[in-house]
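A.B. asks: Residue numbers (our numbering): 1 to 217.
Be careful, since some hints might not be right.
[Said to hold, decoys possible] Label pairs and their computed distance ranges (CB to CB):
(1) L216 - S50: 31 to 39 angstroms
(2) G215 - R97: 26 to 34 angstroms
(3) T43 - T78: 38 to 46 angstroms
(4) V208 - L105: 30 to 38 angstroms
(5) W171 - E202: 37 to 45 angstroms
(6) R206 - Y39: 41 to 49 angstroms
(7) Y172 - W81: 22 to 30 angstroms
(8) A45 - S104: 18 to 26 angstroms
(9) F148 - S50: 32 to 40 angstroms
Rather than coming from a laboratory, the hints here were simulated on the basis of the structure.
The beta-carbon is built from N, C-alpha and C at its ideal position, and this holds for glycine as well.
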Amino acid sequence: MPVSANSTQPRMFTAAAWRRRLSLAQDASLVCVSALFFYVHATHAVEARSIANVFFALEQGLLVGMFLTRRRTDTTSTRPWDWFVATIGGWLPLAMRPQEAGGSLEAFGTGLQVAGLSCVIIGFATLGKSFGVVAANRGLKVGGPYRFVRHPIYMAHSITLIGFCLANLWWYNSAILVTVTVFQVLRIQAEERVLAATSDYESYRRAVRWRLVPGLY
Numbered sequence: 001m002p003v004s005a006n007s008t009q010p011r012m013f014t015a016a017a018w019r020r021r022l023s024l025a026q027d028a029s030l031v032c033v034s035a036l037f038f039y040v041h042a043t044h045a046v047e048a049r050s051i052a053n054v055f056f057a058l059e060q061g062l063l064v065g066m067f068l069t070r071r072r073t074d075t076t077s078t079r080p081w082d083w084f085v086a087t088i089g090g091w092l093p094l095a096m097r098p099q100e101a102g103g104s105l106e107a108f109g110t111g112l113q114v115a116g117l118s119c120v121i122i123g124f125a126t127l128g129k130s131f132g133v134v135a136a137n138r139g140l141k142v143g144g145p146y147r148f149v150r151h152p153i154y155m156a157h158s159i160t161l162i163g164f165c166l167a168n169l170w171w172y173n174s175a176i177l178v179t180v181t182v183f184q185v186l187r188i189q190a191e192e193r194v195l196a197a198t199s200d201y202e203s204y205r206r207a208v209r210w211r212l213v214p215g216l217y
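Please put together the full structure from these sequences, using the hints given.
C.D. replies: See the structure below:
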């Protein structure tokens, strides 16, 4: 019996519906986790009368806000592994906790947080609503900081995380930093695999050699 061309539509609709549900569930979970994160850091800032970690919290708030207002796309990867590495790499920093080191190390770490936050803002000014967590093709960006590294927001985010860890030197925060760094690299690999479908991406990759750190990676 011949199969109608429309027979694939229910299957496609179901896949799209489940992708939307998963996306909304991720958004809802993120809101809950973020609320706890901001409560902990705001309480610490008030009680300790310190702004040492305010810039880290501001950056996390900016990332969460940009993610929740992102431009939705149907080109998001459906691979479970891509979702896993994106979740760990993107949101595990929300588990970091204040443990201020004091002295010059704390001051230096705070300065790095300011630098990282500034770079994130510049990156978002270029990226706009195309920000996302799970690997997707939201269009190729080549201007601004994307002329120097292929993933400038990840670079800026890493600077902020390192600054926070220096200002809050504790094995717990350091373990999270190492874990996030590993998963960020995996996340970059997933994103570049998806972006490789863009006809101009190969030429962009040849023009901008470094992914994250000029001269290193």
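A.B. asks: Hint by hint, note whether the structure agrees.
C.D. replies: Verification of the hints:
Here the CB-CB span from L216 to S50 is close to 33 angstroms, well matched to the stated 31 to 39 angstroms. Between G215 and R97 the beta carbon distance is about 33 angstroms. The supplied range of 26 to 34 angstroms therefore holds. For T43 paired with T78, a C-beta distance near 39 angstroms keeps the hint of 38 to 46 angstroms intact. The hinted window of 30 to 38 angstroms between V208 and L105 holds, with their beta carbons roughly 34 angstroms apart.
Taking the beta carbon of each, W171 and E202 are about 42 angstroms apart, inside 37 to 45 angstroms as hinted. A C-beta distance of roughly 46 angstroms is found between R206 and Y39, which places it inside the suggested range of 41 to 49 angstroms. Hint check: Y172 to W81, Cβ distance near 26 angstroms, so the stated range 22 to 30 angstroms holds. For the pair A45 and S104, the supplied restraint of 18 to 26 angstroms holds, since their beta-carbon distance comes to about 20 angstroms.
For F148 and S50, the hinted distance range of 32 to 40 angstroms is satisfied, since their beta carbons lie about 33 angstroms from each other.
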